[in-house]
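K.L.:
Given next are the chains, with one letter for each unit.
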Amino acid sequence: MQRTLVVLFRFMPVEVLYAFMGMVIPFYMIFNRQGYLSSYHWFRRRFGFGPIKSFFGVYRNHFVFGQVILDRFATYAGKKFRFEFDGKEKFDALAAGGPGFMMVSSHVGNYELAGYSLSTEGRKFNALVFAGETETVMKNRNIMFGSNCISMIPMSEDMSHIFALSCALSNGEIVSMPGDRIFGSQKSVRCSFMGKDADFPMGPFALAVQKNVSALAAFVMKTGSRSYRVVLREIGWGDAAGKAEKIQRMAEAYAAEMGTVMGAFPYQWFNYYDFWKEDEN
Amino acid sequence: MEELINNLKIQIIEALNLEGMTPDEIENDAPLFGEGLGLDSIDALELIVLLEKQYGIKLANPAEGKAIFKSVNVMAAYIAENRKK
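Residue numbers (the numbering used here), protein chains in the order written: chain Y, 56 to 336; chain F, 864 to 948.
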C-alpha cells in the first residue's frame, strides 16, 4: 500500500489523493471510536466548540491528518512543498557551530518534513523514532535523509537509544525527539497545557538539562495544500537552579509554545488519546 | 576496589534519588535494569552523566552502554579501567 502511494504520487497531483481520502474519512470516524472521541473532546473541552462545530472539527482534523501522511509519501516520490520559517535564525545560529543541541518535536502538523526543509550545515541530525515503523517508511526516510546528514535512532527495549542520543550530543550533533508522548520511561512532568494540567515525558527535557545543551521546540504546520510553516522556538530553564526545577521549567516552556501553536492551528492536533486523562475515572 | 564500589553505590543512590536506600541494600552483582533495581531509560541517562561528571568517562560507543551498566561490579570494573579522574 505504502509503496503504491509512492508510485502513485510520481504521476498524480497531491490534490487528487486528498479528494479520495476525504471520502474515506467518514468511515474512519465511525469505526475508530477512540480517535473520534479524543478529537471531539479536543474541540469541545479545549476550544469550547459546540457539538456540531466539534463534529465537523473532527472531520477536518482527520482530513488534515490524512493530508500530512500523504504529503510524506508525496515527498518520498519527489514532490516539493513550500516552507516559510518562523524563528529559523535560532536554528541557524545553533547549527552554525558550538555544542550539540536538541529539537523537541510533537505529534502535531508534519514534523518529519522539518528534516527536508532545514539545513544542518553538515552537522549530523539524529532523530529518535518508534522502532515499529514499516520497512517502506524507514527505507524512504533513509533515502531522503541520507543526503541531509540525518540518521534514525530507533527506540529500543534495551535502552541503547539513550546511549546513542547521549553520545550524539557529546559529539556536537543535533538530537531530535518527541516531547509530547510518554513512552519507555514512565517518568513525567506535569504542566499546564491548553488550560489544564497534563503529563509530559521527562526524557527529552532531562536529556537537555543533564547534557546542558540548548533546545528548540519545532512545529511544522500545514498552511495550504503545498505549503508549510516551520515554527522554531528556543525553550530553556531560565534562572532555575536545581535539576528537577530546570526540567520542570523547560517542559513548561515547551507546553506553552505548543499551546500557542495549537491555538493558531487547532485542526493539526494528532494525539488521538485521552491526553489530559480526563475520562479515566 | 571495595572503596570504589561503595562510593559508586552512594553516587548511584544520590543521582537516582533512591530515598531511604543504603549502599548495603544494592547487591554488587544484581542487575541494575529490569529486575534488581528496576531502573529505566531516564535512570540510564543519570548513570551516563554520573560517569562523565565523577570519573571523566565519556561513552563513545552506544553499543557497549547497556553492558557497562549490567551491575555495580561491572560498572566499577569499567570505571577502574577507564577513569580519567
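Treat the hints as calculated values from the structure; they're not laboratory data. These numbers come from a predicted model, not from an experiment. You may find that some hints are simply not true.
One side of the interface only, derived from the structure: several residues of chain F facing chain Y at Cβ under 8 Å [to be verified]:
hint: 1; residue: Gly899
hint: 2; residue: Leu900
hint: 3; residue: Asp903
hint: 4; residue: Ile905
hint: 5; residue: Ile911
hint: 6; residue: Gly919
hint: 7; residue: Leu922
hint: 8; residue: Pro925
Restraint-style ranges between C-beta atoms, simulated for each label pair [stated by the list, open to error]:
hint: 9; chain 1: Y; residue 1: Phe75; chain 2: F; residue 2: Ala923; range: 43 to 53 Å
hint: 10; chain 1: F; residue 1: Asn945; chain 2: Y; residue 2: Thr278; range: 50 to 60 Å
hint: 11; chain 1: Y; residue 1: Phe102; chain 2: F; residue 2: Asn945; range: 49 to 59 Å
hint: 12; chain 1: F; residue 1: Pro886; chain 2: Y; residue 2: Phe140; range: 23 to 33 Å
hint: 13; chain 1: Y; residue 1: Pro106; chain 2: F; residue 2: Leu881; range: 42 to 52 Å
hint: 14; chain 1: F; residue 1: Asn945; chain 2: Y; residue 2: Glu289; range: 29 to 39 Å
Glycine included, each C-beta is placed from N, C-alpha and C at the ideal position.
K.L.:
Confirm or reject each hint.
P.N.:
Hints, verified against the model:
1. Gly899: Violated. Min distance 14 Å.
2. Leu900: With a minimum Cβ separation of about 14 Å from chain Y (threshold 8 Å), the hint on Leu900 of chain F is violated.
3. Asp903: 4 Å, holds
4. Ile905: 4 Å, holds
5. Ile911: 5 Å, holds
6. Gly919: 12 Å, violated
7. Leu922: Cβ of Leu922 of chain F sits 6 Å from chain Y, so the hint holds.
8. Pro925: Cβ of Pro925 of chain F sits 4 Å from chain Y, so the hint holds.
9. Y:Phe75 - F:Ala923: 43 to 53 Å: Given about 50 Å between the Cβ atoms, the range holds.
10. F:Asn945 - Y:Thr278: 50 to 60 Å: 51 Å, holds
11. Y:Phe102 - F:Asn945: 49 to 59 Å: Between Phe102 of chain Y and Asn945 of chain F, where Cβ atoms are some 55 Å apart, the hint holds.
12. F:Pro886 - Y:Phe140: 23 to 33 Å: The hinted range 23 to 33 Å is violated for Pro886 of chain F and Phe140 of chain Y, with Cβ atoms some 52 Å apart.
13. Y:Pro106 - F:Leu881: 42 to 52 Å: 50 Å, holds
14. F:Asn945 - Y:Glu289: 29 to 39 Å: Given range 29 to 39 Å: holds, Cβ gap about 35 Å.
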